[in-house]
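Novice: Let chain P serve as the given structure and place chain C on it in line with the hints.
Sequences listed follow chains P and C, in order. The first sequence: position 236 = 235 (numbering that gives the first Met the number 0), numbered continuously. The second sequence: position 129 = 128 (numbering that gives the first Met the number 0), numbered continuously.
Hints are computed from structural coordinates only; laboratory data are not their basis. Just so we're clear, the structure is a prediction, and the values are computed from it rather than from any experiment. Possibly wrong hints are sitting among the right ones.
Stated by the list, open to error - Partner residues are not named here, just some residues of chain C that face chain P (Cβ under 7 Å, in silico):
1) Glu172
2) Phe370
3) Val378
4) Asp400
What the hints assert, rightly or not - Pair by pair, the computed Cβ-Cβ distance ranges are:
5) Asp77/P - Ser209/C: 28 to 38 Å
6) Trp396/C - Val276/P: 37 to 47 Å
7) Glu38/C - Pro334/P: 36 to 46 Å
8) Asp77/P - Val60/C: 54 to 64 Å
9) Ser209/P - Trp2/C: 24 to 34 Å
10) Arg4/C - Pro330/P: 18 to 28 Å
Unchecked claim - SDA-like cross-link-like pairs, simulated, lysine to any residue; straight-line CA separation at most 20 Å:
11) Lys215/C - Phe5/P
12) Lys215/P - Gln10/C
13) Lys215/P - Trp192/C
14) Lys238/P - Leu74/P
15) Lys215/C - Gln10/P
16) Lys215/P - Phe8/C
17) Lys215/C - Val13/P
18) Lys215/C - Leu74/P
19) Lys215/C - Trp192/P
20) Lys66/C - Arg247/C
21) Lys66/C - Glu284/C
Don't be surprised by glycine CBs; every beta carbon is placed ideally from N, CA and C.
The primary structure of each chain is shown beneath.
Number of protein chains: 2
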Amino acid sequence: MTWRRFSTFVQWIVLGACVGVLCGGASALFLHLLEKASEVRTGHEIVVYTLPLAGLIIGWVYERFGKPIKAGSNLIIDTIHDGGPEIPLRMAPMVLIGTVLPHLFGGSAGREGTAVQMGASLADALAYRLGLTQEVRKQLLAAGVAGGFGSVFGTPIAGTVFGLEFITLGRIEYNALVPALVASVVGDMTTRWLGIGHTHYPAPPHVPLSSLLLLKWLLFAVAIAASTTIFIELTHFIKRQMEKRIPRLPFRMMLGGVVVVAMWQLIGMSDYLGLGVPMIVRSFEDPELPVYAFAAKLLFTAVTLGAGFLGGEVTPLFFVGAALGNALSGPLGLPLPLCAGVGLAAMFASASNTPLALSMMAMELLGANVFPHVAVVCVLSYLLAGHRSIYPAQRLWQRKD
Amino acid sequence: MTWRRFSTFVQWIVLGACVGVLCGGASALFLHLLEKASEVRTGHEIVVYTLPLAGLIIGWVYERFGKPIKAGSNLIIDTIHDGGPEIPLRMAPMVLIGTVLPHLFGGSAGREGTAVQMGASLADALAYRLGLTQEVRKQLLAAGVAGGFGSVFGTPIAGTVFGLEFITLGRIEYNALVPALVASVVGDMTTRWLGIGHTHYPAPPHVPLSSLLLLKWLLFAVAIAASTTIFIELTHFIKRQMEKRIPRLPFRMMLGGVVVVAMWQLIGMSDYLGLGVPMIVRSFEDPELPVYAFAAKLLFTAVTLGAGFLGGEVTPLFFVGAALGNALSGPLGLPLPLCAGVGLAAMFASASNTPLALSMMAMELLGANVFPHVAVVCVLSYLLAGHRSIYPAQRLWQRKD
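Bound conformation, chain P alone:
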């Protein structure tokens, strides 16, 4: 072993562990606050009416102080590819508060965007304080992404692969493999050590593959890819239309809040507000789940995110995918928890072009029986969803045709 490789290795381990502790601590705080916010909201549903006001305030704060960070996860992707100025450290607290508040008031958004942005901005702060080279800095940014993702979901290996997979469409590079792995594993351990638990989903039964089942999974993947396409196009459409008509962010977010409140009143239940974890768990077990549940959650999320609220897409898309799987399990004659589990992972895999990370995530969340089904559906729906992505900054390395 050369001295150069030894010192790089030690550096990766030490820096990766530091990033992991930072990410894990931030995720723990974030998850704790999210849980409190959800508790308050489910206890006092009246607060949902103030979502438009919350949008107005958050929008104003972001407009005033958030210019350099408004690209969110796309800023992280661009910086990992091209370098560029330090990612402002204030991204971490801003995105934290900017995500917890809408959840408190019922917006339908996720967590991974927040975790990834907190992780990356903390990692970049570390890299700049230590005066690291651009190359190592980019590796630490990927480690921050991995650490944020792995710790917020309790899936360290999926976090590692996500950190490497999400920046480019059609390729995984191993240059940040070791720091990403260390950050994700240490981050997950830190979050758990701080007493944060993660949702347990029911484990699907073992089902052997057959030709007929492969055909069913192909149909399933078509449905997932179609939903992904609708979700991405709809969110972009709402965003573009609103930006054209309402130039100022606070008013866009206020209007988004008004629409979410109106939809909430119209549908007459609170199941589609916030992360929607209880509904995800129900999708695994309840054959009576409304068939339209996936479409409703898709709409709530597209409006929330299209209006400019922060958070991310993972958990709402877990909901959409699991509910869609629930709806398809009857017609396809497949076990409910298997369809829900496969749908959960494949929806985000195709929306973010990360089929390998999400296959691993499904395995970490749901056990080994979800393999190989989830990998088959993730890859097929990834391909069928085309070159669109919830992260427009993703570089296209390999066309899908």
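Specialist: Just chain C, lined up with the frame of chain P:
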């Protein structure tokens, strides 16, 4: 969805399925013959004495008819990267017979080289008969590798990732993702449908990660990387020395056979001949396994492969890794099946630079509890083993420092 993407997709599915059926059929025949060969050998151990004679004959046949295919798996890697003339279809039967015979007579070699070479040569025959473009042809070659690997071990997702991961060090590209997945899944189904079963290994218990455990895994990875380094260097050393002193292959293989027979007599047991599957299973369960078992198998395999026998490295390296894990489980105070399982996967991961494929393989063979431990050790030992590889043709994309 564009017409172009639709037609590519259909083409990938159909061609991938054809490659899968071919690979799966070839693997089934191969596994059936291997089982018969092992049965005959364990029933009549006297045949081991004829290993030198078998080496002489196989060597002569290869010298006479095998020139264009003697690069084996490296020829596949080169062709996937650079194109080049059609891989001769006779590679499939030649490598099949050339692997089964040494197993019959007790040589210590594996199976994946054979499966991969059969799969790729069948895929290439298909590509040439159909007059496909070079681009699609290369994708089908990767699909053949995936189909061979996935079907011979019964691990379709690991097969898929292996087909993409093993050609380049430090990168996975998705250009052949869909055909590789289809070929590997269909290949595995075909092999099972033909009545072939795979070895069941005991599932490790669930063990949560901790800082102390991470430190132990780091030591574990150092031991794995050291063994990998010794294995690769020793095999290359034996090969180089023999090629320098004995120009003709049949005599090299004869001498290799003599040495294996001598070692077999010296050690006084047959545990280190052939694939060694019973010893792999024992590594998961028997705390009394000899501490030197991993070193003995390493030596038997280095001599067998260094002398020019065919087959591959996976199963013997599974043996080496599992036995090493067995030996380390006491000193490290870790559960036996977990150490054996992690060692099994990490040894080949670091020897072939395929940490992701082998992490998935461990999960497909041993269940979800082996995660995240196996991924941690695969990545660390992959990194620590440096830039050497059992496949010298592997392109170096990303240095490990």
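Novice: Determine for every hint whether it applies to the structure shown.
Specialist: Here's how the hints hold up against the structure:
no.: 1; hint: Glu172; verdict: 5 Å, holds
no.: 2; hint: Phe370; verdict: 6 Å, holds
no.: 3; hint: Val378; verdict: 5 Å, holds
no.: 4; hint: Asp400; verdict: 4 Å, holds
no.: 5; hint: Asp77/P - Ser209/C: 28 to 38 Å; verdict: 37 Å, holds
no.: 6; hint: Trp396/C - Val276/P: 37 to 47 Å; verdict: 40 Å, holds
no.: 7; hint: Glu38/C - Pro334/P: 36 to 46 Å; verdict: 39 Å, holds
no.: 8; hint: Asp77/P - Val60/C: 54 to 64 Å; verdict: 58 Å, holds
no.: 9; hint: Ser209/P - Trp2/C: 24 to 34 Å; verdict: 31 Å, holds
no.: 10; hint: Arg4/C - Pro330/P: 18 to 28 Å; verdict: 26 Å, holds
no.: 11; hint: Lys215/C - Phe5/P; verdict: 18 Å, holds
no.: 12; hint: Lys215/P - Gln10/C; verdict: 19 Å, holds
no.: 13; hint: Lys215/P - Trp192/C; verdict: 19 Å, holds
no.: 14; hint: Lys238/P - Leu74/P; verdict: 18 Å, holds
no.: 15; hint: Lys215/C - Gln10/P; verdict: 19 Å, holds
no.: 16; hint: Lys215/P - Phe8/C; verdict: 16 Å, holds
no.: 17; hint: Lys215/C - Val13/P; verdict: 16 Å, holds
no.: 18; hint: Lys215/C - Leu74/P; verdict: 37 Å, violated
no.: 19; hint: Lys215/C - Trp192/P; verdict: 19 Å, holds
no.: 20; hint: Lys66/C - Arg247/C; verdict: 12 Å, holds
no.: 21; hint: Lys66/C - Glu284/C; verdict: 44 Å, violated
The earlier numbered hints that this structure contradicts are 18 and 21.
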